[in-house]
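Engineer: Following the hints, complete the assembly by docking chain P onto the known chain H.
Each chain is listed here by its residues.
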Amino acid sequence: MSANGASTSDSGVAIPPAKKESKKPKYSKFTQQELPACKPLLTPGWVIATFVVVGIIFIPIGAVTLLASNGVIKDMDAPIYVYYQLDNFYQNHRRYVKSRNDKQLRGDNGAANETTGCKPEATINGLPIAPCGLIAWSLFNDTYGFTDNTGNSLNVNKKGIAWKSDREDKFGKITPQNFVNNMNSSALGIEIIGGKALPENVPLDEDEDLIVWMRTAALPTFRKLYGKIETDLKKDQSLNIQIENNYNTYTFGGGKKLVLSTTSWLGGKNNFLGIAYLTVGILCMFLAFVFFLVHFRNPRPLGDPSYLSWNRKIPSAANSSH
Amino acid sequence: MGGMDRAPSMSRRGRASMDAMMRNSGADAHLGHRVIHCNDHSANLPYKFKHNSISTTKYNFWTFLPKGLFEQFRRVANMYFLMIAILSTTPISPVHPVTNVGPLVLVLAVSLIKEAFEDRKRFMSDKIINSSCIEVLSGQYWIKTPWSKLAVGDVVKVRSDQFFPADLLFLASTNADGICYIETSNLDGETNLKIRKALERTWDYIDEEKAVDFKGMVECEQPNNSLYTFTGNLVIGKQTIPITPNQILLRGCSLRNTDAIVGVVVFTGHETKVMMNTMDVPSKRSTLERRLDKLILLLFAILFMLCFIGGIGSAIFIDRKWWYLGLSQRGIEEQYNPSNRFFVAVLTFFTLVTLYSTIIPISLYVSIEMIKFIQSTQFINNDIHMYHRESNTPALARTSNLNEELGQIEYIFSDKTGTLTRNLMEFFKCSIGGVMYGTGITEIQRAASRRTGVPIEEAPRSEDYIREKGFNFDDKRLMRGNWRNEEHPDICKEFFRCLAICHTVLPEGEDLPEKIVYQAASPDEAALVTAAKNFGFFFYARSPTTIRVRESHIERLGKVQDTEYEILNVLEFNSTRKRQSVICRYPSGRLVLYCKGADSVIYERMADGQNPYREITRDHLERYGEDGLRTLCLAYADIDPRQYEDWNEKFIQAKSALRDREKKLDEVAELIESNLILLGCTAIEDKLQEGVPLCIETLSKAGIKIWVLTGDKMETAINIAYACSLLSNEMKQFIINSDVKSIRDVEERGDPLETARVLEEQVKRQLYDAISAAEEIRQEQSGVDLALVIDGRCLMYALDPHLRGALLRICMKCKAVVCCRVSPLQKAQVTTLIKDGAKKITLSIGDGANDVSMIQAAHIGVGISGQEGMQAVMASDFAIAQFRFLTDLLLVHGRWSYNRISKVVCYFFYKNLTFTMTQFWFNLYAGNSGQRFYDDWFQSLYNVLFTALPVLAVGVFDKDVSARRAKKYPQLYKAGIDNLYFSWRVLLVWLFFAIYQSLIFFFFPTKAAEHGVNGGLNLGLWDVGTMAYTCIIITVNLRLLMASSSITVWHHVAVEGSIVSWFLFIFFYSGVQTPNLQDNIYWVIFNLMSTWYFWFLIILVPSMALAGDFIYQGLQRWFFPFDYQIIQEETKFRSKLEINDPEHQLEMMAMLDGPTTLSAEEERSLAMAQLPRERTWSKHTGFSFDSPGFESFFAMQEGVPAPAKSWDVARRASMTPRRSHSLARTDSRTGHASIREDIHMPRSSIAEEEFDGDDSENRSFRNNPFLEEQPSRRKSYFD
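Residue numbers (numbering that gives the first Met the number 0), protein chains in the order written: chain H, 0 to 321; chain P, 0 to 1278.
Chain H extracted, bound-state conformation (with noise of 0.2 Å):
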């Protein structure tokens, strides 16, 4: 902005100013900027504190969180949630992010002919696609199915795999329609290389599988929940599994896993914040220790006049002259 301030001269008249009125300024803390103010200084004490307290509260809950995640080694108690891992499969891309259609999965009146953003699996043949979109059209299509050393099948139960809040409010009572996994390549003349068909009569809101699937994933590696088994697993039990391959991830060198884990408290087993609050903790203690010592050997008085750099000037001067 350009000048402000007293410039009410521009019109060419100013009232005279009353003529007994002290001009002095009221006081105000606000206004002689004394407003009362804490003012913490980083001194060593306070450093070396600091490092003390976090190490004292982040090795516990290292500890604690990393004995959650691996005291699961031994038995397998229900449930039993059983994950596929993808590798180098980017769920975020951009294009691929917003290829889907939210009200349409909502499922309100007329939502099966909203397809806008689900390019390019908007139509097939003018016909509106539900659900539409590339997520959906890719949803994984490997199946796994498990039996004990007995050669009974344990079940794998496909309900409460995704959050409450899409079952129930993001995805809705729409069906699966001109769904392009569900039809003929052959009849098409294209050529599909989608994902898993959709049961036709199925709501979408109790299809947990691609539920799961569309919250995208943030990292191109990612684990979805595939199911949970129901029946605990003792120590050293083998099981079977058969594993039905069919989601395509050869072109572009993708890995699939499969992945057996219990929970703990904590969620699923994670030794990654365990790992990092045990890290911080100890690094904490040891900087604590390390500055400790320096402080102990050399420490430097506070708030000396000496260290000022005025002053810590003249005598070096002093010496180079002599």
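In short, the hints are calculated from the structure, not lab data. Quantities reported herein were computed from a predicted structural model and do not represent experimental measurements. Possibly wrong hints are sitting among the right ones.
Straight line, CA to CA, 30 Å or less: simulated DSSO-like cross-link-like pairs of lysine-lysine [as the list claims (entries may be wrong)]:
{"no.": "1", "chain 1": "H", "residue 1": "K22", "chain 2": "P", "residue 2": "K649"}
{"no.": "2", "chain 1": "P", "residue 1": "K649", "chain 2": "P", "residue 2": "K577"}
{"no.": "3", "chain 1": "P", "residue 1": "K967", "chain 2": "H", "residue 2": "K22"}
Chain H residues, not near chain P, derived (Cβ > 10 Å throughout) [as the list claims (entries may be wrong)]:
{"no.": "4", "residue": "T42"}
{"no.": "5", "residue": "A62"}
{"no.": "6", "residue": "E120"}
{"no.": "7", "residue": "N154"}
{"no.": "8", "residue": "D168"}
{"no.": "9", "residue": "Q176"}
{"no.": "10", "residue": "M182"}
{"no.": "11", "residue": "Q241"}
{"no.": "12", "residue": "S260"}
{"no.": "13", "residue": "I281"}
The C-beta atom is built at its ideal place from N, Cα and C for all residues, glycine as well.
Structural biologist: Just chain P, lined up with the frame of chain H:
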């Protein structure tokens, strides 16, 4: 010398007036003239003159939006964001348009609201002005009419103290002689009254009965902006009378000391001269802001790099093998077409530009503006420490864009008179008949004694000691008639009579010694007359031909008698003569010439053999000079009546000469001013302002170099510099002076070319000698400080382009520089030399119009307010009442402001970089597709909501050390000069931690989310994004607390408030499903909060992110502490609580008692302080011939229109130094010492006018605006 002086100046004057004429005639030829029928509304209608309402607003209702937006988009940053906003509406944008449009709209809205607010203020003040009333003649009566209804040709009546509503032709005044007094402070800032005189033909039209009959026609020039010219004729009947500026009353001026006047409206509204003169003040930008531009450029570079990497990356990534991306279809968008990777790269580049646009902090400028606005309006303007009780003047920040510049000043250029000194002249000592009188000790003597260590004995005040304005003399030998007992009572008597008679002072008020007020051309003169009064020679009345003096103790002690002296001639002061004489006739018939003037001129004219005190007085003069006193010699001569008659004839002839009158007058005066008998000398103290030496010492401790630029002579300047501890004997001083014998010898030979050559050579040699001496000293490392003293004439040569480099080199080595006898223009040139030549940040401080040019030329101009004259203040960026307030302005406000703004800018840089970099890391893992990591709203509200307020808190409240400590340890200021807080090094540290933090913000939430969370459920992109964003908001806000030196409750409100506002926002935002957008964020926060993942990360991530800064800050303070940090520790651990400090308590008490009205004592002191501005028509005239007068004054003298606005001067100074230089060279070639040119004193022609003030004489003076400048004198003679 005098004659030589004159010739070139006359020719220059002639040239200028020719130019003016050419311009005027040219204008006339183009535009024709305007014809106005006075008092005849209908006759004027066909001409369609402009109406008289004015509008100073920038916008009106319709133009506000287009024009206001246009103004906003002239800023590069806003333009950039407009482009981004446009980009974001295209399909290549990864974000919803709201992301980029939203913040832009908000920022624009804030700016526009501010504009609208300011414009409304202007509108309201216009409205008040337009609706103020004036009496207009309508039919038989004066009818009160609003100004806006006034039309050209109307006859109006303006009463005392009213403002003129338009440019008027002055017809008649209630004063019988048709004159009136006007105040022009709105035009030129000068508070003295000026005189206007109506044409005799129209004097009668003062009453409505008469005025009704007035039917005239005015033919005049078209409206123009020249304030000091007017050409036109008044046609009454068959008579045509020329109109001069003397009959024109300009809008903006006000009527004073006159009951009422009647005038005809000539120019109205925007066509008035004052309105045609308004232009925009050129706005200065601070150095920090210019550096900020570079930072923005850096950010653009980073942005470009990120986008470039991303663009290439995306082109490499795109491949048909990613079957799930559906890249094989026909008709695929170009951005994803694997067969044309070039397009992919280019389009993705733009996608990423849109995505990463947050790297440029959009709200930075708005935030900084708000911060600076608060700083200047709330803090600087309200600082009690900068309030001056005596003049009732608080500090005033006239601009708010330069606050932080105050914290980086390295050079201060200061005027002397009125800035370092009070310009309050006091009669201090005198020497009469070879005896020194007066016991006082000057500030300079004290400084000298401090320097040398020799204590001076201070005599106790005598019981007779009288102290009043202008008189600070203590010596009972002269008081109460004691002088009769002195060695030479007769000489004393003559001395006092000379003081009482030889002057041009006017007495005002009652003729009692306590009540009388002297109205003098200069404070020096008033002081002398006041002294005479106190010695018992009370001058109390004056008529055109007499002076009346009430003399005490003449015949015997205690007797008082009134004596009337007949004043026969007044030989006026001017700069060539450097003296003033009065020839008077005693009642006894004795004819005496009293003369006072500079020692050199008096000594030249002394009678041979009759001056026994010649040598001793010279000694005294020297001693007074050393003490920093201003000296004048007093002399008299008895005149033989017959001789006088002869001479008077010549004098009258010279006075009525039509050509070269002044020259002839000077020559005639020379004849009578001879055979003088020396009486003695006076010594007047120009007192240093309170606290100046301390302030200068503090400032130089702060690493600021202070230069004194003054029009004074070298001795005075050096003395003052000593007194201010600028110069000391320990310093090696280089003096480059033109007033040396070798040059005088050359001058005497009279060859101007030769003189110029010798001068130039001398200056050159001296400069190079000084440089080599300085180098030597530096090599010896003896630590001797250097100082340079240079006079204006040498400076003129030193500023020549081929010597300028050398001058700069030596100046940079010097701790103190004193330039004396410099002109206003040279002041500006010196300022520009350091500003542009050395690229240092400069501040100029001054109080008078002669300082305006340097005030405008420097980075920061400071005006001394609360004194006479407003020009310096009007041109300044900051106005303070006392020089010593610079300490507070620079060391406290400037320093804090610089620290704060630096912090704010660095912080902005950091927070936006951190935020943007997380998106960059994410995109490295998303095929560089331009996918956003955060929701649109997160991105758009990041700058304007969740991180906006805390920055303001830092910008407004941050205090590293207290104000008292900032002043106690001025060295802390050096950090600003060295730009420690906004250097690339500092930014690099911030950059490093921004990248470090962004890595943590991206990798920790994503890595931790790879595995399932509660109930084995998976987190998706938006969950992780929201998690990361939450961590960023928390961290970035806490980081601000870590950056704060002092944390007030407002910091907490802002920081915690911002974090809470984020949660409130996300609770609401993720709680609803948006009908048309994607539901990415739906319920995300609640899902997150139901997991341990969230709670663990929310502790871990901010801790880890801040740990880096924490360790850095800790180690930095520990091992490489900044000075301010040591002071902080000292404050906290080593000193008692400030509350218990008695000094502090006193200060607090002083601040707390805040009466809204002045106490009786204050009121009196205020009235005292205001006295000289009413009485003095300008300073530095009369006898203060050491100082140059007003810039505008010279211009008027030379017949050219004065610079209408102060910045014209500055423009000339800063833009065309060559021109002024060549001008100076020309002068010197013609033998004219050009520095003298600039300090010409008024050649008063008043004297003649007084004596033969008939109309014909008057006309010949018409073009001499000088004539109008002396209301006081005129007034009394006409009385």
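Engineer: Hints first: check each against the structure and report whether it holds.
Structural biologist: A quick look at each hint next to the structure:
1. H:K22 / P:K649: Answer violated: H:K22 to P:K649 is near 57 Å, above 30 Å.
2. P:K649 / P:K577: holds, 22 Å
3. P:K967 / H:K22: With a Cα-Cα distance of about 28 Å, the restraint between P:K967 and H:K22 holds, given a limit of 30 Å.
4. T42: violated, 7 Å
5. A62: holds, 13 Å
6. E120: At about 6 Å from chain P, H:E120 fails to clear the 10 Å cut-off, so the statement is violated.
7. N154: holds, 16 Å
8. D168: Nearest chain P Cβ is 6 Å from H:D168, so the label is violated.
9. Q176: Answer for H:Q176: holds, closest chain P Cβ roughly 19 Å.
10. M182: holds, 16 Å
11. Q241: holds, 21 Å
12. S260: The assertion about H:S260 is violated, with a minimum of 7 Å to chain P.
13. I281: holds, 13 Å
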